[in-house]
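*Asks:* Residue numbers (the working numbering), protein chains in the order written: chain L, 1 to 117; chain W, 1001 to 1115; chain R, 2001 to 2152.
Hint data in this document are derived by calculation from the structure and do not stem from the laboratory.
For each residue, glycine too, the CB sits at the ideal point set by N, CA and C.
Check the hints yourself; a few may be wrong.
[To be verified] Examples of chain R residues lying across from chain L (beta carbon under 8 Å, computed):
#, residue
1, ARG2006
2, THR2007
3, PHE2051
4, GLY2108
5, LYS2119
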Amino acid sequence: MELSGVVELVCGRIVVKEKDESFDITAVCTTDMMSDVLHFAKKGELLVTSLNQSQVIMTAEIADIPVVMVVLGKKIEKEMTAMAEKKHITLLSTELPMFTVCGMLYAKGLKSCVNGK
Amino acid sequence: MLTIHDIVEKLGLDVKAQGDLQKDVAGCYISDLLSDVMANSKDHDLWVTLQTHPNVVAVAVIKGISGVIITNNRTPEAETVKKAEMEKVTILTSPHSTFDIAGRLYQLLMSGSDK
Amino acid sequence: MASNRRTIEGCFQLMGGAFAGAGAASSELKTVLMSLGVPQGIVRRASIAAFEAEMNVIIHAVAGTLHYEVTPAKIHIDVTDMGPGIEDIDLAMQEGYSTAPDWVREMGWGAGMGLPNIKRNADAFKLDSVVGEGTTLEINIFLTEENYADNT
Ligand SMILES: Nc1ncnc2c1ncn2[C@@H]1O[C@H](COP(=O)(O)OP(=O)(O)OP(=O)(O)O)[C@@H](O)[C@H]1O
Ligand SMILES: [Mg+2]
Chain L
1 MELSGVVELV CGRIVVKEKD ESFDITAVCT TDMMSDVLHF AKKGELLVTS LNQSQVIMTA
61 EIADIPVVMV VLGKKIEKEM TAMAEKKHIT LLSTELPMFT VCGMLYAKGL KSCVNGK
Chain W
1001 MLTIHDIVEK LGLDVKAQGD LQKDVAGCYI SDLLSDVMAN SKDHDLWVTL QTHPNVVAVA
1061 VIKGISGVII TNNRTPEAET VKKAEMEKVT ILTSPHSTFD IAGRLYQLLM SGSDK
Chain R
2001 MASNRRTIEG CFQLMGGAFA GAGAASSELK TVLMSLGVPQ GIVRRASIAA FEAEMNVIIH
2061 AVAGTLHYEV TPAKIHIDVT DMGPGIEDID LAMQEGYSTA PDWVREMGWG AGMGLPNIKR
2121 NADAFKLDSV VGEGTTLEIN IFLTEENYAD NT
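Chain L extracted, bound-state conformation (with noise of 0.2 Å):
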């Protein structure tokens, strides 16, 4: 599904752009724990989570995730829009709680990260 249509579907909004809008995204990993993101076998391009803090586009920079959306209309504080700028992370941002996203994302037929080994 191209970025486009993810920011559409889930009514969000790009806050740092650094990908073009026909970025094709097939997996998702939904976690709130940095360490589960870091755990991912394979890597995705979106990470779904509530946490609004910089770290998050730290790990998502290290585990080779392009695209972070945070959830719930969580605040998006400027050293979290300066941290995805720095390092080239496309952050949008979605009023709809996690539950709805994926759902969404699901029905859609995107996957999920493959965990583990």
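Given chain L's structure and the hints, the job is docking chains W and R with the ligands onto it.
*Replies:* Okay, now just chains W and R with the ligands, sitting in the frame of chain L:
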């Protein structure tokens, strides 16, 4: 409305601590941050998380959570199970990721609410 | 990979509780490895291992250093800290075991997956600790043809 029992059957979950399996599931809240669950979950929600420590039980009791699903093949700590049994909180586990569980639950709860 | 490549190293000071600067060492290592043309799979493994080690010092210890060295043969990362140390290393290595306090969990750390993640991503891994003094962690990721075939 679906009960915890229905969800256990439909998603093939393991019951690690058994509370009232006939409890209704009104919705679902997904988070690994306890403060977030404290602030934003609703009564009779099913809570999906990968947290395994005993504080999960305390939050579930306070917020009137119908049941907790621990994802990603993680096992609740022994202390968590003990506390859950004491407090009659249902703790379930699944080998699947939070994303997959969320996706399937969404389909179940959405079709369930049409009835 | 060119055999005449020189050794590249870096050293970082880590402070317990200093979340703001966390990840700087791992991020630099990642950039270095990418510029050397190390295959992406290996870059990812090294960055993840370094980042988890870095975070453990910031979360659990008082202060420490992360030192990395890249040669044509391997990526070597060692992390030494002054801190409480680890009482039971086998227990600490178990997935899901964590002594992280609540406030750390609220920041997305403390799932008890860091050390297992490091071990999984390292080719060689050594963890030593003295309770009340500190912890040392040594990670090696070998740069061999075999490695490349596995991870690209
Ligand atoms: N440098 C260290 N100094 C003291 N204790 C440590 C250190 N590193 C790890 N530990 C101990 O080992 C436990 C397990 O570490 P591990 O990295 O696997 O999990 P965590 O740091 O608690 O959580 P996560 O890494 O998932 O954020 C820690 O909770 C802590 O008790
Ligand atoms: Mg750790």
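*Asks:* Evaluate each hint against the coordinates.
*Replies:* Results of checking the hints against the structure:
Taking 8 Å as the C-beta cut-off, the interface hint given for ARG2006/R is violated, the closest approach to chain L being about 25 Å. At a threshold of 8 Å, the smallest CB-CB gap from THR2007/R to chain L is about 23 Å, leaving the interface hint violated. Using the Cβ-Cβ criterion of 8 Å, the hint placing PHE2051/R at the interface with chain L is satisfied: the shortest such distance is roughly 5 Å. At about 5 Å, the closest approach between the beta carbon of GLY2108/R and any beta carbon in chain L falls short of 8 Å, and the interface hint on this residue holds.
Against a cut-off of 8 Å between C-beta atoms, the interface hint on LYS2119/R is violated, since the closest Cβ of chain L lies about 11 Å away.
Hints 1, 2 and 5 from the earlier list are contradicted by this structure; the remaining hints agree with it.
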